[in-house]
Each structure stands twice: as structure tokens, then as C-alpha cells.
Amino acid sequence: MSSLQSSSYRKTSILAACVVAGAFGVGVMPAASGTALAAVTPNQAARSAVALAIDPAGTGYAFFRGGDDAVYLRTVPAARTVPCGSAR
Amino acid sequence: MSASPALAGASDGRVYAFSRGLAGSLQTATMAPDGAVTGWTGLGGRLITSPAAVSAAPGSAEVYAAGTDHAVWRDAMSGGRWSGWTRLGGATYSAPAAAWIPGSNSTHLFARGTDNALWENTGSAGAFGGWQKLGGVLIDGPAAAGAPAPGMDVAVRGTDTAVWTASYRSGRWSGFTRAWAAAAPAAPASRLLGTDWTRIPVGAKVVALTFDAGSNAAGLPSIESTLQAKGVRATFFLTGNWVRGFPAQANMIVQDGHLVGNHSMSHLSFTGLSDAQVTAQVQGAQQAILRANGADSRPLFRFPNGDVNNRVLADVNRSGYVAVRWTVDSLGWKGTSGGQTIQAVVNRVLAAAQPGEIVLMHLGSNPKDGTTLDAAALPTIIDGLRARGYGFVTLDALTG
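If you read the sequences in order, they're chains C and F.
Quick note: the first sequence uses the numbering used here, first residue 1, plus one each step.
Quick note: the second sequence uses the numbering used here, first residue 89, plus one each step.
In case anyone wonders, no lab produced these hints; they're calculated from the structure.
Any given hint could turn out to be false.
Claimed, not checked - Derived DMTMM-like pairs: lysine to aspartate or glutamate, alpha-carbon spacing no greater than 25 Å straight-line:
1) F/K293 <-> F/D484
2) F/K293 <-> F/D403
3) F/K318 <-> C/D55
4) F/K422 <-> F/D484
5) F/K318 <-> F/D471
6) F/K293 <-> C/D69
7) F/K422 <-> F/D248
8) F/K318 <-> F/D403
9) F/K293 <-> C/D68
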């Protein structure tokens, strides 16, 4: 499994993702390279279970293994109110 | 270690790490606020999943995992002393998740039940109220984290492979919302189509061990134990009927880090099927495997009985799969009643050793004599190949 990139790169990418986030985060980034943001498949499918962390502002960060076995991070905004019983 | 680790950060700056060791017991290490890390310490247990952990107070940690009885178990530490494992019940084949809501004194446990729904169990100071069904259809274990507000979120993968999240705020759960729609995987490279591959076209001395599953799982415990002990990942071709019959084993294969391919729904010989029947066999197995253990079997496919012609090969390719045959069939599946021995299986595989060798073995026992010769021969096969300078790869070395 690829390791995550340096913290500075990760932080930059997360901030960039938050800026452009819509209803849900769009901070998909590859983790295999620490030097450049490579072209990746939009809406990368998770090929593993997800790991979740939430920062003090309530923003969630979902980590998962992508189709190329790299680790991906995607932001999940907080403060949603969704009616119970949404179709799945 | 044999499964994904779990971390719990305490408010005093310590970080507690947990992972399942090679023998299935839990291991723990602690990082102090100054960055100093202890060595690993064993906490015992026999785990079938990765652990989940939380820390609700300085100097304390709680860890959860499923045991060999598929129930969720708990161990807790306070003041440097561990309580020992206690059984919290439930039934799961997947790793649980744990969350602690800041400011509360409750730990919330989540698990994918054997009915594939999400279940929750809430406790305080080790006393839990029992499992409550939250619903949904999950394809693997959930994730959970405490959130400010206060509250918590859970994230799961649904049958569409998308990530879904739900939030707990002010004492009630939201419904699940799809976080993003998962894109379809890229189609296999055209160079991989039109061929039923019999070896990986490489010059390096690597071998791919592959195991077909279609009958039973009698050899799997031994095979898994050998692969873990020797640090080898393998590729498992599963039928849809097999994963439905052996869901615990199907999840074990994925959680131990092996690669999964598609071996059809019901192991019929394909050349006697119509194009539509072939497609149904392939796609039916794909869905069954995904629902069983969350694995996307694409792009690896193996024809049942090796029965193939150009027509069915094209059918399989159109479904997004690369067909993979084998360099050598160990013939362990024939059993002692078929004139095979452990040594004959070993000799056959080692004699065929070559760069890119694909070895065919089976998980199940011979139906006549009950032997599992492939499982019995595996340690000697791995040692013998290594002695000849070979390393091991999974079949993504072929598909890229």
C-alpha cells in the first residue's frame, strides 16, 4: 500500500478541496506521488472500507484505497440535515 | 501485522495504535506526546478483523474487534492496566467501528451485521445496551468518528460501491446520504483482451499463486495461515455461489489483503452457454462477490474448468474482464483418490517454475477422499520457489 504524502502537500490539497467543495467535498487526490497532483479519475471509487476522521470544525475526512491501490482522501462537509429513510 | 491498524488519540496527547498480529492476536503500541513510541505489546485474543479504537479520557483506551465466533469483543485500558477481553455479542464478518462523542461518557460501536445491515451498540464504562439495527445494506465494515456539535458521523460503502454517510446530532440519526457516486473502473487495456493468459509476460522471477473456490472451503484456514506466516499475497477466484455459502471465509480473504477475481456464478462450463447466459454468469458473480465482501472482482476472470473458446472469451472481455488461465495446474484437486500426493503437487509446481508462472490450486477438498493436498503442499511450494530465487505477485501484475 502506498503511504500518504507529506503533511504540507496533504494540507494544501485539503484546503483547495474545501474551497471548491459543493454539496459534498471534491478533494480527491492521489497519494502515491509527493511532488505533483496527478490526473485522477473523478469520483474515484473506493476499493476498500473507509476510514473517517472529523476535525474540530466538523469537516469529515474519508480515507480509502482507490482503484490503483493508492490511498485517497476526500472531504465530507459537516452539518447536514437529511430526512430519515433516504433511499440507498 | 495481518490487518489494517487502528489509532486512538487521547486528550493528553498520547496516541494508541492497535493491529492484529500474524497469529491473530491484538498488538498495541503507544506514542507519547514527545513522539517516543513504545514497542509492540500483545493483548491476546483471536481476531478475525481489524480492530477499532477510541480514547475517551486521558490515560485510557478502548479497542474492539470481531473474534473467531464472529461476535464483537472489547478490551479496555485505564491507568496502564488492561481489563482483558469481554464479549459484546453481535455477529459480523467485518471490522467494527467505534466513536466517542466529545464531552459524553458513551462509546458508540458500529458493525456490519451478517445481514449486511448497520448495527449500533452504545455503552458507558464497559456496560453496553445491546445491538440496535440502523438498517442499510453494507458491503464491508463501517467507519465512525465523533464530531463537534456534539455528535458523530458514520461512513459506509453501499451496494453501488459509493460511500454513504449519516450523522447523529441532537439525539437522532439523519438518513444516509451518498457522499459521491463512484466512477466505473477503467476498462482493461486492449492488449489484454482476446487472450486467456497462461503466464504473466515478465522477465522477473515472480510467481502468482492462485486459488479457485467453487466447492467448499476446507483448505482455506491452512492456506490463509501459510500465506500469512510466509508473507505472501495471492489471488483468489471465487464463484458467486461460493461466497454466498461461505461469507465468513469470503470476508477473511479480503481482510487478509488478498486479491479477488471472478470465477462465474455457478461454475458451469461456458462453451455450452449462450452469450446472454455467459454474461449473466459473470455479472451475477460480480454482484454476489461485491455484496459478500466488498471486493470488485474486475478485471480478473477465470473460466470454470478452463473451458473457453473465442466466443465466450469475447463475452467475458465485453463485461470488463481479462481472462486468466494458468501455467501449471497443481492437480491437488484430484486428491489421493486420484493418485496424487503432497510431494507430487510440490514437484509439479516447482518443475514449472519460470518468470511469470501462474499456479492453479484450489481451496476445497476432494469430494471423494476429503484431502486438501494444495493446502498441505503450499508451505513447501513457497519455500521451494523462494529457494530458486522467485518472489510472489498477485495477478494485478498482469493487468496493471
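- Query: Which of the listed hints are broken here?
  - Reply: 2, 3, 4, 7, 8
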